[in-house]
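Peer 1: Here is what each chain is made of, one letter per residue.
2 protein chains.
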Amino acid sequence: MNKVEVCFSPALYKEYENKDAIVVVTDILRASSAIVTAFMNGVDKIIPVGTLQEAKALKDQGYMVAAERDGIVRDFADFGNSPYNFTSDRVHGREIVYSTTNGTQAINLASSGYMVLIGAYLNIRATADYILSHHRDVLILCAGWKNKFNLEDTLYAGALSEMILQGKHFHTICDSVKAAIDLYHIAGENMTHYIDKVAQRERLRKNGLDDVIGYCHQYNLTTKLPEYKNKFITVLDNSEY
Amino acid sequence: MNKVEVCFSPALYKEYENKDAIVVVTDILRASSAIVTAFMNGVDKIIPVGTLQEAKALKDQGYMVAAERDGIVRDFADFGNSPYNFTSDRVHGREIVYSTTNGTQAINLASSGYMVLIGAYLNIRATADYILSHHRDVLILCAGWKNKFNLEDTLYAGALSEMILQGKHFHTICDSVKAAIDLYHIAGENMTHYIDKVAQRERLRKNGLDDVIGYCHQYNLTTKLPEYKNKFITVLDNSEY
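Line by line, the protein sequences give chains A and B.
Mapped onto our numbering, the consecutive letters of the first sequence carry residue numbers 1020 to 1260.
Mapped onto our numbering, the consecutive letters of the second sequence carry residue numbers 1020 to 1260.
Incorrect hints may appear among the rest.
Since the list gives no way to pick out one identical chain from another, each pair is judged satisfied if it fits inside one copy or across any two copies.
[Unchecked claim] Pairs of lysine-lysine residues, derived as DSSO-like cross-links and limited to a Cα-Cα distance of at most 30 angstroms, are as follows:
hint	residue 1	residue 2
1	K1225	K1248
2	K1248	K1216
3	K1033	K1250
4	K1225	K1038
5	K1225	K1022
6	K1248	K1078
7	K1064	K1038
In case anyone wonders, no lab produced these hints; they're calculated from the structure.
None of these values were measured; they are calculated from a predicted model.
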């Protein structure tokens, strides 16, 4: 049997760390939704960076850079972090630098696992199917908000956990999984209504960036699975499925 | 307005730390329920210690000691950590050393707040009333399980948050509070049925210690408010209310 666990914050990661697990990192509003969108639209490679200094240095080397802080696009950047920016005409066949506050930290931590996938609702079925076809533990790592618990990542963790636990060789004794599934059920079919109460919605709204919320909660727009490996995110080779 | 926040694990405490807040520490199964029971039964003072070495040293100095690990009472101890052990004939008027894995760490961290209360269902109304009569932020700190999220402390945090948010001068933008309240509502009137699925129930059951679960989920057996201050837990002076 393989176990399913959910970690609600990068600050809790070492309590859940599992070198044998497929780690699914999520940051629904907005990093992981943006990254999945970029691969859906044909990006070749994403280089996630944690600091604006790194992003700027790579911009100076000629990379296309997505970078913002607190909703404000940085002047050196090509565009901000909204999934809407990762259009096919901009990203197809390119290498993009993506600077994100919460997402990068989570991705780096996760790399102690067996493999790291970037998960969002946009590719949730493909993510679950990949996991279901492998005999590995699974750890879903929520990026959270500045190391705090957040609801939007938790709901996704509940949705994905439930899909994985359909598989006969998966089980859980993890209270975080049970809480996430129950919260996902409460949100239910009216997900975006429930999301109205999350703190991140208000943060995005203040900067006029909450237009992405409906988009980020759409299911299965793509089967692309972004994988983080050796400091880069690339699409998982289909032949490996 | 005063804010209400919930911290799901001692490992997240520094993200939520608030020096102006009344911090309510909870460890429903079983430390905070045992401590509240002890004060209900007239204990004079509790000395919480984190390590068995400290507990043993204090035993050698003549203190009565409650100490166990993983459900096994230590041979030097007078009794284990079950609330049932803190009977009036044993504890009335005494000073007791209490050794607990998760609870002590949480209590020590919480002492950076304005004041530290020990909360359980057994005294939840009195805890809420005390908070409602003061204009202070509130932080509910769940002891969790070895720094992991746990459901039983979360449900209590939801119950207490909801009572506090009845007060007009309290508000929250904390996703943890919202999740805790929603989970508390799911558990609803059939709390002990819901608790059947928490990991701690299984840990207690394996050691024949799950007989306390019903007891630890009883409301308002006492109005006593244990307060941690200067390394000791004593009952909050009624005249301060």
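Peer 1: Taking the earlier hints as the rules, which of them does this structure contradict?
Peer 2: 1, 2
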